Each structure stands twice: as structure tokens, then as C-alpha cells.
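Going letter by letter, the sequence shown gives residues 1 to 298 in the numbering used here.
No lab work stands behind these hints, which were simulated from the structure alone.
Take the hints with a grain of salt, since some may be wrong.
SDA-like mimics (lysine to any residue), calculated; alpha carbons at most 20 Å apart, straight line [to be verified]:
#1 172 to 293
#2 183 to 249
#3 280 to 259
#4 183 to 291
#5 227 to 179
#6 227 to 248
#7 172 to 141
#8 227 to 241
#9 227 to 297
#10 227 to 187
#11 280 to 248
#12 184 to 290
#13 184 to 200
#14 183 to 293
#15 227 to 270
#16 172 to 270
#17 172 to 284
#18 184 to 207
Keep in mind it's a predicted model, so treat the numbers as computed, not measured.
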Amino acid sequence: MDEARRRQYLKAMGIQVWVPRREPEASLDLSPPEPVAMPPASTPVPEQAAAVEVPPVVMDASVGRESPPEPEMPPWLDEAPWPDEAYEPVMPSGEGYDEPDLPEPDDGVSTLDWEGLAARVAQCTHCNELVQTRTQTVFGVGDRQADWLFIGEAPGAEEDRQGEPFVGRAGKLLDSMLAALGKKRGEGVYIANILKCHPPRNRDPSPEEARACRAYLDRQIQLIRPKILVALGRVAAQNLLDTGDALGSLRGRVLEYRGIPVVVTYHPAYLLRRPSEKRKSWEDLCRAMDQMQAEQPS
């Protein structure tokens with residue numbers, strides 16, 4: 001996103017845009033020196049003063065001017081995790097993650113409208129274990145004509161109880177991340193998961209479970225027609241993009257899902273456990289905003 005737009009967002013949140021990092025440095029005068037008249041031969045020349053070391057001026061080599069200070073990060077970067085007695089840690093599935101297979105035929109899901117799709121998800125019985133342990137399915141929530149679609153991995157225990165994605169501690173952090181972008185849940189934003197059911201013990205979705213749910217997410221994307229997808233975490237990114245690549249190799253660039261730009265970042269639940277990674281997540285969100293700006297007609 002350009003600096004004017006970024007200033008507008010951060011100013012609206014009461015955040016100072018720039019933080020000075022150092023005192024202004026002297027500008028470099030590149031004009032030729034003026035000639036200096038030499039004293040007459042009979043005039044004694046004063047002793048030369050001792051040389052004084054002058055610190056170098058740091059320049060932006062690409063444009064020939066001083067580099068600007070870095071922008072201030074939004075406040076959610078520094079928020080400490082808040083207590084939540086209902087919080088359950090994310091547990092690994094216990095097995096290595098293999099590259100997922102391509103999704104199977106969608107059994108007519110690709111022809112469903114919103115109401116039909118929601119009903120199909122609510123009645124889904126593809127995964128026996130999840131059907132037996134879930135309270136309800138978690139379809140998704142938000143603006144059904146959203147430009148931004150955020151995709152998580154699977155509902156947690158609280159999401160299973162309430163039937164809405166990202167409502168616990170991770171959801172509060174996601175809301176703060178949206179606010180830093182000038183967005184809010186339900187307005188230009190839709191939130192969904194790879195899996196529509198809560199896996200027991202908060203384990204990762206198995207490749208088979210993700211594949212069984214894939215047609216539902218694909219149809220949601222078709223109906224929403226978002227301009228950008230943000231994959232939250234490794235499981236979401238690997239399943240959305242049909243890859244076994246590590247999260248670190250998927251971050252830092254703009255990828256693509258069926259012609260739609262995809263930006264990969266950390267899952268908010270991971271950021272609660274590793275607050276030091278919040279800065280990287282903010283960089284990812286700025287990359288997504290830059291991509292959105294680039295897509296706007298000039």
C-alpha cells in the first residue's frame with residue numbers, strides 16, 4: 001500500500017505513523033567547491049588544524065537521499081497474551097504431514113447457492129470421528145461479497161460451541177489485525193476454515209479430513225469471489241495451495257489460487273504463543289494490502 005493510504009489507516013486508529021530513529025543527518029553537498037584565494041607569499045600561513053573525522057552520511061543509493069525512518073508498528077504487535085481458562089493448546093496430529101492429494105469430485109457442491117451450501121455442510125457426515133465429537137459445524141462468517149477472505153485451519157473448542165470461526169483468544173487477535181488494516185469482521189471481510197468441524201484435542205486436520213471438506217471451501221470462494229486470500233498458518237496454506245512446502249518458504253511472496261492472489265502468514269493462535277513473530281505477520285498483512293493497492297485501477 002502506498003504511504004498516503006497507510007498514513008490514513010494508522011491515523012484513523014490514533015497511531016503515530018513515523019517514529020524517529022536518529023537525529024537528522026547532514027545532507028551531502030555535491031556542488032563543486034568555490035576557488036579559494038591563496039595568501040601572498042609574504043603572508044605567514046597559519047598552522048593547519050588537526051583533521052577531524054566526520055561521520056559518513058547514510059544515503060539511499062537508489063534515489064540519492066537519506067533513507068526514511070521505519071513506520072511504527074500497530075499496537076497489537078505489543079499486546080501481551082491475556083488469560084483464558086478455556087484456552088486449549090493446538091496439538092499436532094502425531095503424524096508427519098504429507099503433501100495432500102488433489103480434492104475428490106465435489107458431489108454437486110459446485111452448483112449450490114449459499115443456502116444450499118450451508119445446509120450441506122451442516123448435514124455432512126464424511127468424517128466419522130468428527131461427526132461423533134462435534135457440537136455443530138462451523139460454516140464461516142462475514143460479508144458474502146468480501147474483497148478479503150481469511151482462511152484458518154479448523155474450529156477450536158470455543159468455535160465448536162458457538163458455531164463461528166475465530167471467537168476465542170485467537171479471534172480477538174485476528175480482530176486487532178483486521179483493525180490495523182482498517183477492516184473489521186463482517187465488513188468487506190469473510191472468515192472461513194479449511195475444516196468445518198472441530199478436531200478432537202485440537203489436533204491438526206488429517207489430509208483425508210481436509211480433502212473431504214475441500215469442495216465446501218472451494219464453493220465458498222467461488223460464491224464470494226474475493227480479490228485476495230490470506231492463509232492463516234501452515235495447515236491452511238498447505239491445503240489451500242495443495243503443497244507440502246514449509247510455512248517459511250510460503251511466506252514473503254504473493255502466491256496464487258485459481259487466479260486469486262494468496263498471502264500466507266502465521267495463525268493468530270501461534271502468534272499468541274510466539275509474540276516475537278507478530279512483526280513478521282504485520283509485514284505479511286502489509287504485503288497483502290500492497291497487492292490490493294496494485295489491483296486497483298489507476
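Checked hints:
For a cut-off of 20 Å, the pair hint linking residue 172 to residue 293 is broken: about 26 Å separates their Cα positions. A distance of roughly 27 Å separates the Cα atoms of residue 183 and residue 249; the hinted pair therefore is violated under the 20 Å criterion. Annotation: proposed proximity of residue 280 to residue 259 is violated, straight-line Cα distance about 25 Å (limit 20 Å). Distance check on the hinted pair: residue 183 and residue 291 sit about 16 Å apart at the alpha-carbon level, within 20 Å; holds.
For the hint pairing residue 227 with residue 179, the CA-to-CA distance comes to about 19 Å; that is within 20 Å, so the pair holds. Simply put, residue 227 and residue 248 have alpha-carbon atoms about 23 Å apart, too far for the 20 Å limit, and the pair is violated. At roughly 15 Å between alpha-carbon atoms, residue 172 and residue 141 fall within 20 Å of each other, so this suggested pair holds. A threshold of 20 Å between alpha carbons decides the hint, and for residue 227 with residue 241 the separation of about 16 Å falls inside it, so the pair holds.
Taken as a hint, the residue 227 and residue 297 pair is honoured in the structure, with Cα atoms around 13 Å apart against an allowance of 20 Å. This hinted pair checks out: residue 227 and residue 187 have alpha carbons roughly 14 Å apart, not beyond 20 Å. At roughly 11 Å between alpha-carbon atoms, residue 280 and residue 248 fall within 20 Å of each other, so this suggested pair holds. Straight-line distance between C-alpha atoms of residue 184 and residue 290 comes to about 18 Å, which keeps the hinted pair within the 20 Å bound.
Using a Cα cut-off of 20 Å, the hinted pair residue 184 and residue 200 is violated, with the two alpha carbons roughly 30 Å apart. The straight-line distance between the Cα atoms of residue 183 and residue 293 is roughly 15 Å, inside the 20 Å bound, and the hint therefore holds. For a cut-off of 20 Å, the pair hint linking residue 227 to residue 270 is broken: about 26 Å separates their Cα positions. Restraint check: the Cα-Cα separation between residue 172 and residue 270 comes to about 13 Å, which is no more than 20 Å; the hinted pair holds.
For the proposed pair residue 172 and residue 284, the alpha carbon gap of about 18 Å is at most 20 Å, so the pair holds. Among the hinted pairs, residue 184 with residue 207 is inconsistent with the structure: their alpha-carbon atoms are about 31 Å apart, more than 20 Å.
The structure shown violates the earlier hints numbered 1, 2, 3, 6, 13, 15 and 18.
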